[in-house]
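Which chain is which? The protein sequence lines are P and Z, in order.
My numbering puts the first sequence at residues 1 to 180.
My numbering puts the second sequence at residues 1 to 480.
Source of the hints: derived by calculation from the structure; they are not laboratory data.
All values reported here derive from a predicted model rather than from experimental measurement.
Mixed in with the good hints there might be a few duds.
Said to hold, decoys possible - Cβ-to-Cβ under 8 Å is the rule here; a few derived chain Z residues that face chain P:
(1) N161
(2) T162
(3) N164
(4) R170
(5) F178
(6) A179
(7) G221
(8) G224
(9) A235
(10) L246
(11) S249
(12) V253
(13) I368
(14) T372
(15) T466
Even for Gly, the Cβ is constructed at its ideal location relative to N, Cα and C.
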Amino acid sequence: MPPREGIYGLLAEFNTPSELVYATEQARHAGYRRMECYTPYPVEEAAEALHFHTTRVPLVCLLGGLMGVTTAFLMETWINVWAYPLNIAGRPLFSWPAFIIPAYEWTILFAGLSAAFGMLALNGLPQLYHPVFNAPNFRNGATTDKFFLCLEAADPMFSLDGTRTFLEQFPAISVVEVDH
Amino acid sequence: MATKGPMQDPIVDPRIDPRTGEYAVIAPGHNFKSVTQKIAGIVLTSNTPLGWFFGLMVGGGVAMGVVIGCTWLFLKGVGIWGVTIPGAWGFAIINFVWWIGIGHAGTLISAILLLFKQTWRNSINRFAEAMTIFAVVCAGTFPLIHVGRPWLAYWLFPYPNTMNVWPQFRSPLAWDVFAVSTYATISIVFWYVGMIPDFGTLRDRATMPAAKYFYGMLSMGWRGSTRHWIRYESASLLLAGLSTPLVLSVHTVISFDFAVAALAGWHTTIFPPYFVAGAIYSGFAMVITLAIPIRKFYHLEDLVTLRHLDNMAKVMLGTGLIVAYGYGMEVFMAWYSASHWEFFMMWNRMFGPMGWAYWVLILTNITIPLTTLWSRKLRVNVTYLFILSFIINTGMWFERFVIVVTSLYRDYLPSSWGTYRATKWDYMIYVGTMGLFTFLFFLFVRFLPMIPMSEIRMMLPQTKVTHGGKNAETVSEESA
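In isolation and in its complexed conformation, chain P is listed as follows:
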């Protein structure tokens, strides 16, 4: 990857979620695609405006759960039937009803860990550095009470002056350049 230099994008700051959603919808309508909203709590309408609907987190979770149930059940069977067979009051070695309980627990364990770590991996976290943190006003509001829209320079529609004019038609508190 070539070293990144110069401008990452333009960051507009809004006071209310409604203003953010409106600006995002208009930007999408104008043809911008490489953009992202930053909000202090999940704003579903912003995701709709970005046309971001589906996540792969449930799939990762399902695969984790299937792996958990298979691992636990096969492990129990192998241990109690082949690796270390014990006669416990004459019960069959392959006592599958009893094996269900640890298998059930490991289904949940693997699925839960997959959901949590899968979510972090799909989000690319942990990532302690990100260009938006360079904006002077970002950390003051993005995790507290302000709503941000970033139009990224990687978008073919992006031009410093044109995009700035576009963003300034909305009631943004500020529009600032974000450097890499």
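Guided by the hints, dock chain Z onto chain P, whose structure is given.
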């Protein structure tokens, strides 16, 4: 209440929401900034209240009971406890079940109420989850130390070893290991994932470099990106969906420890549901024990309102009735089964040498709470609820005592009857775990966000998105 006429009595109490007639979930007049400042301020302040140091010291001091008790236990063996034959299970298992049960309300609040879209839970779910984790820590101590040779406790896990020895999966004790370790892991993961956005807030609002670094690392670089939020919400919902069957299964598995044994008083199919209901009952009592002093000392009455206390008291009433049904069914089955042993067990439980414990249990778990919780006046009476929460947890401890001890000490053969008497070491370790719990909880309220800020923001009226780019208040002013 849409047709409110002038004839109607005005609602005097400003804490009551006039639209619903219920206490408001969050007191009016808050905005994104004020809730953030209020919650983050508790963590980021440089003026730690003196009372916090005092509480931490008391908790830490009492927790020394665990350290001293366990040291002596490891030196001398389980003989220092009151366990003997026939009462081979004593305080260790009673305390284990009691603590795990307390933890269950945390998961119920964070998971089941999330699935049911009970947004009022947002104010209390973080410290309820913390309570779960610390309760599991206290609970987990007991099985580890009661195995007799605690330095070999890792033999419980299936791991390849040179002895070629493996666990035996037909035993409920092996199921316990899986259930409790999964429960602890998933609770910690759920708790941590829930805190990531709040760590981001703390990182951005911290002024001390050490705090910025500490919370910055914990936040993993969270920046509130919408795509992240959507995946995050999806993962939270999945974790909630997974925790719900998990929490029900954990106490079910623990009840199997008893129900699988062929002993009168234990060998019963009602145990799983009745254990789960009892767990939630005692857990909500513990949430109330913690919430009432916290909202008072940190002035969080706006965020943890009377609505929360009222709702929690209602849950206690519901689960308390299930528990009462369980007790009733035990007595009924002792008669209906026509089993001599079952009948004697129940008679002995009520009128035998330890009958007093059964009546303490009925008084504290059934009579006092289930006659008073019907009154809304008492449900929102903070002092009464606080006292009641202690009464219920005493009752729940006695429930486990009654189940464990009074079933064991007089079983089938009168020649093998005995008694059970706890020693000072039993009491020391038990009281010590309460200190450990307090100590951990004091650390939690000082260093971690005890109310989820991002979820509280979602409950504010300002979150309403209107199309056309205007915020909610402007629109309503124009239309009026």
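TODO: Check each numbered hint against the structure and report the violated ones by number, ascending.
DONE: Numbers 1, 2, 13, 14 - these are the hints that the structure violates, sorted from lowest upward.
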